[in-house]
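*Asks:* As given, the protein sequences belong to chains A and B, one line each in that order.
So for the first sequence, our numbering puts the first residue at 4; every next one is plus one.
So for the second sequence, our numbering puts the first residue at 128; every next one is plus one.
These aren't lab readings, by the way, just hints derived from the structure by calculation.
A virtual CB, placed ideally from N, CA and C, is assigned to each residue, including glycine.
Some hints here could point you the wrong way.
Claimed, not checked - Keeping only pairs whose Cα atoms sit at most 27 Å apart, straight-line, the calculated DSS-like set for lysine-lysine is: (1) B:K226 - B:K355; (2) B:K316 - B:K226; (3) A:K60 - B:K169; (4) B:K316 - A:K10; (5) A:K6 - B:K150; (6) A:K10 - A:K149; (7) B:K316 - A:K60; (8) A:K120 - A:K88; (9) A:K6 - B:K169; (10) A:K10 - A:K60; (11) A:K60 - A:K149; (12) A:K60 - B:K156; (13) A:K60 - B:K215; (14) A:K60 - B:K355.
What the hints assert, rightly or not - Which stretches of chain A does chain B cover? Using the computed rule of at least three CB atoms under 8 Å from a CB of chain B, they are: (15) 18-25; (16) 55-65.
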Amino acid sequence: MAKMAIKVNVNGAEQSAEIEPRLLLVHFLRENLRLTGTHIGCDTSHCGACTVVLDGKPVKSCTVFAVQADGRSIMTVEGLEEDGKLHPLQDGFFQEHGLQCGYCTPGMLMTGYAFLKENSDPSDDEIRHAISGNLCRCTGYVNIVKAYQYAAQKMREGGA
Amino acid sequence: MIPRSFEYYSPRTLDEAIALLQKLGPEAKLLSGGQSLIPMMKLRLVSPEYIVDINRIPGLDYLSESDGHLRIGALAREHELESSEVVKTKFPILSDTAKVIADPLVRSQATVCGNLAHGDPANDHPATMLALGATVVAQGPNGQREIAIADFFPGLFTTALEPEEILTEIKIPFPPPRSGGAYLKLERKVGDFATAGVAVQITLDESDVCKYAGIGLTNVGMTPIKAKQTEAFLVGKKLDDATIQQAAELAASESEPMDDIRGSADYKRDLVRVLTARALATALNRAQGGA
Numbered sequence: 004m005a006k007m008a009i010k011v012n013v014n015g016a017e018q019s020a021e022i023e024p025r026l027l028l029v030h031f032l033r034e035n036l037r038l039t040g041t042h043i044g045c046d047t048s049h050c051g052a053c054t055v056v057l058d059g060k061p062v063k064s065c066t067v068f069a070v071q072a073d074g075r076s077i078m079t080v081e082g083l084e085e086d087g088k089l090h091p092l093q094d095g096f097f098q099e100h101g102l103q104c105g106y107c108t109p110g111m112l113m114t115g116y117a118f119l120k121e122n123s124d125p126s127d128d129e130i131r132h133a134i135s136g137n138l139c140r141c142t143g144y145v146n147i148v149k150a151y152q153y154a155a156q157k158m159r160e161g162g163a
Numbered sequence: 128m129i130p131r132s133f134e135y136y137s138p139r140t141l142d143e144a145i146a147l148l149q150k151l152g153p154e155a156k157l158l159s160g161g162q163s164l165i166p167m168m169k170l171r172l173v174s175p176e177y178i179v180d181i182n183r184i185p186g187l188d189y190l191s192e193s194d195g196h197l198r199i200g201a202l203a204r205e206h207e208l209e210s211s212e213v214v215k216t217k218f219p220i221l222s223d224t225a226k227v228i229a230d231p232l233v234r235s236q237a238t239v240c241g242n243l244a245h246g247d248p249a250n251d252h253p254a255t256m257l258a259l260g261a262t263v264v265a266q267g268p269n270g271q272r273e274i275a276i277a278d279f280f281p282g283l284f285t286t287a288l289e290p291e292e293i294l295t296e297i298k299i300p301f302p303p304p305r306s307g308g309a310y311l312k313l314e315r316k317v318g319d320f321a322t323a324g325v326a327v328q329i330t331l332d333e334s335d336v337c338k339y340a341g342i343g344l345t346n347v348g349m350t351p352i353k354a355k356q357t358e359a360f361l362v363g364k365k366l367d368d369a370t371i372q373q374a375a376e377l378a379a380s381e382s383e384p385m386d387d388i389r390g391s392a393d394y395k396r397d398l399v400r401v402l403t404a405r406a407l408a409t410a411l412n413r414a415q416g417g418a
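Work the whole structure out from these sequences, hints included.
*Replies:* Given below as structure tokens:
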């Protein structure tokens with residue numbers, strides 16, 4: 004099957020690749036670019052562990068073909084940290100014990116990253132609604148909500 | 128899971144997309160939101176030889192109002208229904224529906240038109256569009272045609288679209304004053320298909336007599352079901368408790384559910400009864416100006 008050339012901006016860096024059209028975005032990120040922070044959980048579009056931000060919108064990267072990202076911008080969990088400083092969301096997950104096994108965390112962070120840009124002062128209910136497509140197998144949702152609130156407050160204060 | 132190989136096309140105009148469908152034949156499949164198609168391809172339930180990705184065709188991602196209709200373009204995402212003010216105020220039934228489709232991540236990609244074109248009786252918008260009396264606009268080699276939603280679902284995973292046609296728009300008439308609607312769905316968890324779902328849209332006259340009733344049922348049959356007998360029963364009546372209960376029983380009798388992992392046929396039939404009564408009560412309240 005003919006390969007196709009794509010150019011994608013990933014975490015601010017231009018990436019070019021020759022790929023099969025059937026290659027899923029999550030496999031492109033993990034295997035071609037070795038960005039293994041994005042996790043594969045269920046592989047059936049349910050769990051949200053593979054969530055990345057595509058042109059500002061959170062998407063399940065197991066349910067998008069890499070070829071669809073041609074010419075577009077992707078942000079993965081590796082892109083959150085800036086100059087060695089954790090993003091307020093990452094700090095929030097640390098401070099509020101927002102992770103246990105950590106498997107869902109990259110997806111939770113990326114959903115939160117897109118969500119807090121749209122809603123800088125969310126209620127707990129709005130957060131729970133926003134993360135309803137991200138499953139935590141440790142069921143640690145209470146602290147995840149707290150971590151989002153921690154980040155939201157830091158971002159409101161600091162303009163991060 | 129990795130889908131079978133396919134050839135990928137990314138047309139930039141509708142004409143180009145239709146020409147591709149003509150050239151490639153029935154082995155070609157359109158990709159819009161992809162949130163149903165890609166999971167099915169990964170499970171190899173479908174393995175199209177050609178994918179025609181319409182996402183790069185400009186001008187199809189609209190949600191607009193004209194000629195007394197709400198128009199939903201082929202690439203309008205579910206997410207846009209959730210955040211639309213006109214949907215919230217004029218079409219609460221659509222707000223109800225958009226909120227319970229899959230989850231927010233899926234809804235940022237999934238399209239409203241795709242939810243119909245997929246032809247899955249478990250999808251939620253078909254019932255809602257049946258209740259609203261929507262019209263589907265299809266474009267093909269011979270131009271445009273309009274299909275009444277009641278004629279759009281002839282069979283399981285089958286629609287009235289020809290292989291070389293593209294569903295370009297859903298047209299929904301603006302409800303007259305004193306209208307209300309609601310969509311209720313029971314799901315086992317966020318993101319699950321409906322165990323059963325009921326969409327109700329009504330219009331009252333000035334003395335509270337029902338002059339229009341549209342009722343659609345989700346995932347209780349081989350196709351989305353328009354509960355015609357229940358609709359006919361309601362028109363001309365005041366929606367008191369007894370009438371609502373009778374209508375709910377009638378709707379249950381019009382459902383054709385099967386036993387599966389989500390419940391027995393009897394359970395689902397009873398669920399249709401309960402959801403119909405609740406949806407009618409909510410629709411009535413909204414028609415009378417309540418929230």
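*Asks:* Are the Cα positions of K60 of chain A and K169 of chain B separated by 27 Å at most?
*Replies:* Holds - the C-alpha atoms of K169 of chain B and K60 of chain A are around 23 Å apart, at most 27 Å.
*Asks:* Within 27 Å, alpha carbon to alpha carbon, are K120 of chain A and K88 of chain A?
*Replies:* 19 Å, holds
*Asks:* Under the criterion that the straight-line Cα-Cα distance not exceed 27 Å, is the pair K6 of chain A, K169 of chain B satisfied?
*Replies:* Given pair K6 of chain A, K169 of chain B holds - Cα atoms ~19 Å apart, limit 27 Å.
*Asks:* When you check the alpha-carbon spacing of K316 of chain B and K10 of chain A, does it fall within 27 Å?
*Replies:* 38 Å, violated
*Asks:* Given the proposed pairing of K226 of chain B with K355 of chain B, does the C-alpha separation stay at or below 27 Å?
*Replies:* 26 Å, holds
*Asks:* Taking only the CA atoms, is the gap from K60 of chain A to K156 of chain B under or equal to 27 Å?
*Replies:* This hinted pair holds, its Cα atoms lying about 25 Å apart.
*Asks:* Closer than 8 Å Cβ to Cβ for three or more residues is the test here. Does the region 55-65 of chain A pass it with chain B?
*Replies:* holds (count 5)
*Asks:* Holds or violated: K60 of chain A and K149 of chain A, Cα atoms, limit 27 Å.
*Replies:* It holds: about 22 Å lies between the C-alpha atoms, which stays within 27 Å.
*Asks:* Holds or violated: K10 of chain A and K60 of chain A, Cα atoms, limit 27 Å.
*Replies:* 19 Å, holds
*Asks:* Hint check: K316 of chain B vs K60 of chain A, CA-CA at most 27 Å. Holds or violated?
*Replies:* The hint holds at about 23 Å.
*Asks:* So if I understand the rule, the pair passes when the alpha-carbon distance is 27 Å or less; does K316 of chain B with K226 of chain B pass?
*Replies:* 13 Å, holds
*Asks:* So if I understand the rule, the pair passes when the alpha-carbon distance is 27 Å or less; does K10 of chain A with K149 of chain A pass?
*Replies:* 37 Å, violated
Of the numbered hints given earlier, the model fails hints 4, 6 and 14; all others are met.
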